[in-house]
Each structure stands twice: as structure tokens, then as C-alpha cells.
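Following the hints, position chains F and D against chain W.
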Amino acid sequence: MFTQAAAIQETTSDTMTDDAEQFADLVKEHQAMVFSMACRYLRNRALAEEIAQDVFLQLYRKLPTLESPDHVLHWLRWVTAHRLIDHSRQEKRRPQSPLEDVPEPAAAPDPTERADPLLSNMLRDLVAALPENARVVMILRYQEDLDPMDIARALDMPIATVKSHLQRSLATLREKLSHKKGVGV
Amino acid sequence: MRRIFLITVIAGWTAAQLPAQLLQLRITGLDGLASKAKESVDITLDSSLLQMAGGFLARNGKGSKDSQDITSLLTALKAITVRSFEFNETGQYRIEDLEPIRAQLRTPGWSKIISTQKQGEISEIYTRMEQGKVVGFAIIAAEPKELTIVAIEGTIDLKDLSKLGGLGVPSIPIPDQGKKGKQE
Amino acid sequence: MNLDDELRAALRREDPSPGFAQRAVARAKSNPEPTMAIPIFQPVRISQMIWAAALAAMLVIGLTATSEYRQRKAERAGRDAVLALRITAEKLNMTRDKVLKREEN
Numbered sequence: 123m124f125t126q127a128a129a130i131q132e133t134t135s136d137t138m139t140d141d142a143e144q145f146a147d148l149v150k151e152h153q154a155m156v157f158s159m160a161c162r163y164l165r166n167r168a169l170a171e172e173i174a175q176d177v178f179l180q181l182y183r184k185l186p187t188l189e190s191p192d193h194v195l196h197w198l199r200w201v202t203a204h205r206l207i208d209h210s211r212q213e214k215r216r217p218q219s220p221l222e223d224v225p226e227p228a229a230a231p232d233p234t235e236r237a238d239p240l241l242s243n244m245l246r247d248l249v250a251a252l253p254e255n256a257r258v259v260m261i262l263r264y265q266e267d268l269d270p271m272d273i274a275r276a277l278d279m280p281i282a283t284v285k286s287h288l289q290r291s292l293a294t295l296r297e298k299l300s301h302k303k304g305v306g307v
Numbered sequence: 227m228r229r230i231f232l233i234t235v236i237a238g239w240t241a242a243q244l245p246a247q248l249l250q251l252r253i254t255g256l257d258g259l260a261s262k263a264k265e266s267v268d269i270t271l272d273s274s275l276l277q278m279a280g281g282f283l284a285r286n287g288k289g290s291k292d293s294q295d296i297t298s299l300l301t302a303l304k305a306i307t308v309r310s311f312e313f314n315e316t317g318q319y320r321i322e323d324l325e326p327i328r329a330q331l332r333t334p335g336w337s338k339i340i341s342t343q344k345q346g347e348i349s350e351i352y353t354r355m356e357q358g359k360v361v362g363f364a365i366i367a368a369e370p371k372e373l374t375i376v377a378i379e380g381t382i383d384l385k386d387l388s389k390l391g392g393l394g395v396p397s398i399p400i401p402d403q404g405k406k407g408k409q410e
Numbered sequence: 013m014n015l016d017d018e019l020r021a022a023l024r025r026e027d028p029s030p031g032f033a034q035r036a037v038a039r040a041k042s043n044p045e046p047t048m049a050i051p052i053f054q055p056v057r058i059s060q061m062i063w064a065a066a067l068a069a070m071l072v073i074g075l076t077a078t079s080e081y082r083q084r085k086a087e088r089a090g091r092d093a094v095l096a097l098r099i100t101a102e103k104l105n106m107t108r109d110k111v112l113k114r115e116e117n
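Chains as they are written, first to last, in the numbering used here: chain W, 123 to 307; chain F, 227 to 410; chain D, 13 to 117.
Think of the hints as simulated: they come from the structure by calculation, not from any bench. Since we're looking at a predicted model, the values are computed, not measured. Beta carbons are placed, not taken as given, at the ideal position from N, Cα and C, and that holds for glycine. Any given hint could be a false lead.
The following label-pair restraints were derived from C-beta to C-beta distances [claimed, not checked]:
(1) D/Thr76 - W/Asp208: 38 to 44 Å
(2) D/Ala68 - W/Asp208: 23 to 29 Å
(3) D/Gln60 - W/Asp192: 38 to 44 Å
(4) D/Met70 - W/Pro280: 33 to 39 Å
(5) D/Glu26 - W/Asp192: 19 to 25 Å
(6) W/Arg211 - D/Ala68: 49 to 55 Å
(7) D/Leu67 - W/Asp208: 35 to 41 Å
(8) W/Asp192 - D/Ala68: 37 to 43 Å
(9) D/Gln60 - W/Ala168: 19 to 25 Å
(10) W/Thr187 - D/Glu87: 20 to 26 Å
(11) D/Met70 - W/Asp269: 44 to 50 Å
(12) F/Pro326 - D/Met70: 55 to 61 Å
Pulled out of the complex, with its shape left as it was, chain W reads as follows (with noise of 0.2 Å):
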């Protein structure tokens, strides 16, 4: 006999399965942003997971309120950077162990890249390197491809402020290329 509870039930147990797939095709889609994101910030691929998972569990209690495709991407890039941006200050209050001050070591070299590895592993360990917006504007800019007024939003930033940072960041990594390989760029 089908009854009004086990409708209830059904339906329940409908609604829970669609949204766990609707999820995971969530996290699929975005997982290489999120991860990446994290992963050139802290340039350290556990803690860089860790954090992605954490956002993730975020967006799951998040979804119920939000509306859109776009609204997920543009609260995932805002949640990940700022979750970026304060764990970095919190570390700086903990005292650290030298071991924590080793850098994670660089990803399997892609194949298919063409552009010189060793170059693009000194580029992401200056970029690691810069203080927390500018690295955030940074990453936004060169791995999402978003233009300045796209991260200004994306970060509730004034646009000169975007503008700002990456040309300081760009003047220091230039600097830093010219120092250590004497790479004129």
C-alpha cells in the first residue's frame, strides 16, 4: 500500500539523492579552480585539498540559497580567496616548525607544456611569495583570466586597488626574474 508517509519518504529520499548529484557535479565542474586556486596560493597540494574540501562543504550547506550557475562560481571564487587570504594570516600568528617553511615540491612536470618548467616552478613560487591580496589578485588574473574589474568583484575590491596590484606584482616579479636567472622579461 502506498502511503502518504512513505510518499513523504520517497520524496525525501528523492530530493537528497538528486542534490548529492547535483552537488557532485558541482565540485566537478569547479574542483580545478577551487584546488588550483589554493594549490598556487599556498604551494602546497595537501593543504591546498584541504582547503578545497572545505569550501566544498561550504557550498553544500550554501546551496539552498544559491540562485544560479553564476552565483556558485562567483561565491566559490570569493569564498576561496578569502579563506586563502585568512588562513595565511592565521599561520603568521602560529609559530611555525622549520619543516613547515619547506616548500611542497612542484607537480609532475605536463608533457604537453610548452613553456618552460623551470621557469613556470620559479613563477609560482614568486607569486607564492607576495603578500595576500596582491597573490589573490594574481591568481585570479592569471589562472581565472578574469579582467581587473572582474576581480575587483570577485573580491569586493576597488578597482585601482586590482589595478594597483598587479602592477606592483608584475614590477616585482620582473625584478625578481632579472635577479635570479638574469632573465630579461
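Showing chains F and D alone in chain W's frame:
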């Protein structure tokens, strides 16, 4: 059954009210005098106000002896009521107006310790004793152009009152409180 | 070399380790309830701040007014108590004088 219940409740309530009524002197029958008086004082301080007054005087008395004496006196009191009228002319009140108050002071428990009467002037001091202690104190002072009623409730040592030199409180000859001293 | 292109290549997206999505789903299913901690980056609504400020102001005003009222009440009670004792003392004096005068006579 319902009637018995009601009688029991009323009897219980009356019994509960009796001690309070006996102790509390109600100053009645003087309502119209304030409008005829040149000056009048109407003070009623219950225990909470007396507590506040004691606190205020302790804070503002700068630790003076008088202030300490008054504060310790006030802490032992439960209520003070003072009605005082000063008139321009005589005949503004009648001695009969005091009858409702004097009637209360004739009830068991109250003792008239001092009383003087002369040419329309009355001075009476009453005390109420409980277990050898003064727990109530009343003054009726009636003169041709002045009338004052004081009622104080609480544990009072009249000798303590007499110590309040700073206030002009006199050292009066207090009769043995065990006796009903009537001086008329 | 072009720094912009080099940066794009260096910071290109990378996938996390295999099974990342499954782990995220499993964690979400096993831990769906939000924690009691307030999310650090959740912006505090302006209206909430205004309400909180208004409530705090009302509380301070109320407490100050009550304190002032109690202070005035205590002051008045103190003055009344001294006046009441003064009148009592005066009348006791007067009665004593009358008794003494009568005894002398």
C-alpha cells in the same frame, strides 16, 4: 461546604492582617488641614525608602559621627510617618480631629508614657513594646497654632534617639519601659 | 619572452588528486549540518549592526535613567528622613520641657 470554605479563607486572611494593622498607626482625619496651614510637612518613609535614605546619608555624610548614628538608627526602622501643620491663626483644628489616632493608640500593645495637657495644648508620647523592646513610637504634639503627629515603626532605643545631638534630639527623662508611666 | 603568457602557463588550472569529488560528496553527506561557528567571511548585515547598536544605546540610556532616578529618590528619602528625625527631636524636647516645668511647679 462552600460557605465553610469561604469563612475559613476570610478568617485566615483576617488573622494574617491583624498583627500588621495593630502595629501600623494610620494617621487619619487630618486631610483637610494642609490647605489651612501656613506650612505643612507630610513624610512617609517605608522600609525600602529608609534603606535608600540610610545609604544616601552614609555616602554623603563623609563618615561623620552624626551621619553614622543616623544611618544605624535608620537601619533599625521599618517606617516613619510625620504630619506637621503650622497655622497663622488658632482654631484651625479641633482636638476631636485627633480622636481616630488616639483611639488606635488606646488599643492593647500601645502605652502612653508621657502626657501633658494645659490650656488646649497636648503633648503625648506612646510606645509599643514587644518582648521588652520598643517596636513602635508615636508623638502627638498639639498647640494652638501647630499640630504634629509622628509615628515610627521598628526597633528603637529611645536613648539612641537622644544621642543624636547634631539634630537637636534631646536627652529626655525616659520612664522605666516596663511600667506604664502616665503623667497627666 | 612574454611575462603574461609565462604567468598564464605557470598558473594554469590543475586537477586535484583522483577521487576528490567523491570525497567531497561523502563528507557533505556525513556532515550536512552547519557548525555553530559563524563563518568568518559572512558579511555582517548593516541592519543587524544598526539593531544591535540601537539596542545597546537603549540599554545604556535605560540603565542611566534608572540609576539617576534611584539616586534622586535616595537623596529625597535621605532629606525626608533627616527632617522627620529633626521634627521628632524637636517635639521630644518640647515635651521634656513641659514635663520639667510642671515638676518644678
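For each hint given before, does the structure comply? Return the numbers of the non-compliant ones in rising order.
Numbers 3, 6, 7, 9, 10, 12 - these are the hints that the structure violates, sorted from lowest upward.
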